[in-house]
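Trainee: Given only the sequences and the hints, what does the whole structure look like? Please build it.
Under UniProt numbering, the first residue of the sequence shown carries the number 1, and numbering increases by one thereafter.
Take the hints with a grain of salt, since some may be wrong.
DSS-like mimics (lysine-lysine), calculated; alpha carbons at most 30 Å apart, straight line [what the hints assert, rightly or not]:
1. K791 to K19
2. K19 to K46
3. K207 to K817
4. K396 to K71
5. K926 to K870
6. K817 to K886
7. K304 to K290
8. K58 to K68
9. K19 to K68
10. K817 to K19
11. K791 to K926
12. K71 to K304
It is worth saying that the hints were derived from the structure and are not from the lab.
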Amino acid sequence: MGSDKFVTRHIGPREEDIKSMLEAIGVSSLDELMDQAVPANIRLEKPLRLQDGLTERKYYRRIHDLAKMNKVFNTYIGMGYYDTITPAVILRNVLENPVWYTSYTPYQAEISQGRLEALLNFQTMVCELTAMELANASLLDEATAAAEAMVMMHNGRSRAKAKAGANVVLIDENIWSQTLDVLQTRATPLNIELKVGPVHDFVFDDKVIGLMVQYPNSNGEVLSYAHLVEQAHAVEAIVAVATDLLSLALLTPPGEWGADVVFGSSQRFGVPMGYGGPHAAFFTARDEYKRIMPGRIIGVSKDKHGNRALRMALQTREQHIKRERATSNICTAQALLATMAGFYGVYHGPEGIRGIAERVHAIAVLLDEEISALGYRQLNQNYFDTIRFALPKHVKREDIEWLSHELEMNFRYFDNGEVGLSIDETTNLEDINWMIEVFAKAANKRYPTITVYPEKGNIDPAFSRNTPFMQQEVFRKYRSETEMLRYIKRLEHRDISLTHSMIPLGSCTMKLNAATEMLPLSWFEFSSIHPFVPKNQARGYQEMMEELRRDLAEITGFADVSLQPNSGAAGEYAGLMVIREYHISRGEGQRDVVLIPSSAHGTNPASAVMAGMKVVVVPCDERGNVDVEALRQKAEEYQDTLSAFMVTYPSTHGVFEASIVEMCDIIHQNGGQVYMDGANMNAQVGLTNPKRIGADVCHLNLHKTFAIPHGGGGPGVGPIAVAEHLVDFLPSHPVMNNGHVGISAVSAAPWGSASVLPITYGYIKMLGADGLTKATEIAILNANYIASQLKDTYGILYVGENGRVAHEMILECRHLKANSGITEADIAKRLMDYGFHAPTLSFPVHGTLMIEPTESESKQELDRFIEALKAIYEEIQSIIEGKLDKEDNPLKHAPHTSETVTSDDWQHAYTRQQAAFPLSWLKENKYWPPVGRVDDAYGDRNLMCTCDPVESYK
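Mentor: Pasting the structure below:
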């Protein structure tokens, strides 16, 4: 295999390393190991039918050719997507920086303080602009945030209303069409009745549980909703407002006129349009709703030394705790994009944000005046950035469309023949004159040339913001690029990412995000395209996505793929909704029972409930496998109402269950469909596939198996692949034809998070069929190598029939706690002193650690990790033997900061060297945790989720 092959760069172990690892495991070849790990009856009979892997240079040429096929016009469509200027200091040092895009969700707070502060800034910014009390760290997009608000209305009903069956949500007809479509998708299985109409026709009776309006509305009009809020509150209904974050620099924020929930997209705060995503939605609420607010909340706490420390608060891992009782299936955020938006706010500050908003509004006012003077009638009395024109009788819409395309501009065209313009921060004098020229030529009139930027706005005082915002110090300190760069780097140094060491989280697949895969993300031809432009302007995107769909279909064995779901949990939900619609189409709408193993990810039952299904849990046996006889019994018991079986394969316990085909057969024999959770697809590609095991639909975590980075907790992409009989039910879109005509939309954008799809496209094209299969084999090799080295100390909880694990394993820690008092959490914290992120903590089995090394980690890194865990094991043995005190030992006090180790007041029975440098190689590249062990309970008791000035905890 030549060194120019990408597979040699992606895979960590060298050929000589592979030989020694196989020897350590006790097998003679990779084939022998695969035969032992993967059941013979599910192995693929033929190799994947994919092209040979491209070299990085050839792929670069291919993706560059696709980029050139995209035509970037100046686009004034609006509808929730706007061109924006990403400050170069943020583009280069955050979006293009692997420290920021390879870090994982901040479950281990002590080594995540940088991204936690960046997300706290984001929360603070949106709270300030919306005038609300509490914000989460972002949601997937504006439409799904609206759906979460609707579900929150349902969950927040009073007992009396719930008992009376109150279920009506009033929806402003002038809400984005993609938002309405997603609301309809989510409302139907939950039996929520949506009444959509003009706001002045709303009737508030006892059946109403919520009101949702858009401000400014989808026409661009700014209206007063204060009277509606009063009526809604009079019947105990929750009021949710979708809003444009930038507009709130000039308009009265919804929090000042009584809104309970305010949400929207932060995309225009420096996050490129990227053909629809990923973008960070924001979601804010009043404090009284904090217990039912969806998503992750970053809160302020303190560490064991009394220093300020940040952490995820409240709903940190709600799904894993509440499961089918969870209020949402949201288990992620759009952290990287929220980080960018927050930094945008830090860099511009309140005066900069207001200045951008004033300029956008002034240009809209100027265009209103100039185009109206040409004989057009502007229909919005009050507006921020969007103006809407009725055409004179002699002007044809087709003429405006043709003339605008000639000048490479896109306008918005309403169904009733009106034409809209939404201005953004990129609009310049040349653009202004071109827009006027189009309208003038269509009307056959002369037109002026504008030579100076307008300064005049006309916000009605009744709608004008009179309160300050973003007064915190962080939004005033970093105006120069030098200071901003230093601030970003200062936060960067407070985190652990893949640039430091392996991140061994089980079921999370923290593999290499190759530089060649990442490069196109910031190219203008991919980043600056609106999702609703004519398809002939996005031919490169369309061709790439068509190829990607075909490749993913081949990898899964299925007939077609929808790229729309923009997270793994969204993919679960979409897959179940497809199954639901399939049963309805066959006259079997009563099928609403989902069987789910007790070992499943918590999002599985949460997604099932969201899809209107009843969850029945199937137990596992003593070997960690699904109890097949219990499955059979429950499938037969519910055979008339059985909808689906949700199964993760390999199992969440890290094992290829030999009875998987039998399990799928049982479900089919009883009228159900099999949904395979693709979280562990990293152990399947090229060796087996969901169709081969008997599944009907699966979602794929592109942010795991297929190399899209985790970005500190997002973006995620969760497309679903389906068998032939389910193709007709894949999600459609109300604005763009995305090639599918099934259920209504599950996310805002037609093709989900399109701008990160080049990563997966490149991953597949450069690895090719052989490389993808080799990657899977090495993932299984790396896991079994670690298992072979740790089985005699910690112990491996579950193995397959031949004593092998899949691509991950569960490390047994419970016996250590019984003998020493040391918990799995203590081990996780101590690993930070060794420079490692902890494995997955107490999931899926309490008291254990789940490890997944991935194929891109080298043998030398695996050996470092193994050595660290063995050293910790020896420390635990020293406690058991009485050589270390049960309370005053390095594990109970981990992690150790540089401040504590260098303090004059060192009172521990163990040495400073034992604390900070327990192994010699740590002296070469020591990572210092910035805070000591975080006090989680304090943070929940004293919930604070903004960066308001606080007194010292000391």
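Trainee: Next, verify each hint and record whether it holds.
Mentor: Okay, the hints, checked on the actual structure:
no., hint, result
1, K791 to K19, "20 Å, holds"
2, K19 to K46, "26 Å, holds"
3, K207 to K817, "53 Å, violated"
4, K396 to K71, "25 Å, holds"
5, K926 to K870, "19 Å, holds"
6, K817 to K886, "11 Å, holds"
7, K304 to K290, "26 Å, holds"
8, K58 to K68, "16 Å, holds"
9, K19 to K68, "44 Å, violated"
10, K817 to K19, "36 Å, violated"
11, K791 to K926, "28 Å, holds"
12, K71 to K304, "55 Å, violated"
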